[in-house]
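Per the numbering used here, residue 36 is the first one in the sequence shown, and the count goes up by one each step.
Hints were generated in silico from the structure; no laboratory data involved. Cβ atoms here follow ideal geometry from the backbone N, Cα and C, with glycine treated the same way. Careful, some of the hints might be misleading.
Computed Cβ-Cβ distance ranges for the label pairs, DEER-style [unchecked claim]:
#, residue 1, residue 2, range
1, Gly98, Met36, 30 to 38 angstroms
2, Gly98, Val57, 32 to 40 angstroms
3, Asp110, Ile58, 14 to 22 angstroms
4, Val37, Val112, 37 to 45 angstroms
5, Pro131, Ala65, 41 to 49 angstroms
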Amino acid sequence: MVRFIVRILGLWFLAGGFAAAVIDGMKSIAASKVVMASARETWSDLAPATLTTVDRWLVGTLGPTVETGFAVAVDRVPTWALLGVLGAVLVAVALPKHDDGAIPRV
36 MVRFIVRILG LWFLAGGFAA AVIDGMKSIA ASKVVMASAR ETWSDLAPAT LTTVDRWLVG
96 TLGPTVETGF AVAVDRVPTW ALLGVLGAVL VAVALPKHDD GAIPRV
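Make a model of the complete structure from these sequences and hints.
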C-alpha cells in the first residue's frame, strides 16, 4: 500500500514537472529567449507562507549554513528539473519487485 502511494506521488511530481516545462516553454516563446523559473520563484508564487516557514524551520533546526545551502540549491534548479527528478526517483523506488530469473506478469 505504501509503495502504491509513493508511486502515485511520484507520478504527480512527474506531471507537475511536465506542466512546469510547458509553462517555461510558453514563456520562452513569448519572450523570444530561454526562460526558466527557479523552484524558489515557483514556490514563492504558489505558497509564499510555506516557503518562509521552511526557511525559518531550517535555520532553527539545522542552522544558517544548511539554510543557505538549501536556498542556493533551490534558487538554481529549474522547477521542471526538480519535480521531474524527484518524481522519477519516487516512481523508481516504488516499482514492484521481481524475482531474478522469473518472468514478470503483465
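Do the hints match the structure? See the list:
1. Gly98 x Met36: 30 to 38 angstroms: 37 angstroms, holds
2. Gly98 x Val57: 32 to 40 angstroms: Hint holds: Cβ distance 38 angstroms, inside 32 to 40 angstroms.
3. Asp110 x Ile58: 14 to 22 angstroms: 18 angstroms, holds
4. Val37 x Val112: 37 to 45 angstroms: 27 angstroms, violated
5. Pro131 x Ala65: 41 to 49 angstroms: Taking Cβ atoms as reference, Pro131 and Ala65 lie about 42 angstroms apart, which means the hint holds.
Hint violations for this structure: number 4 only, all remaining hints satisfied.
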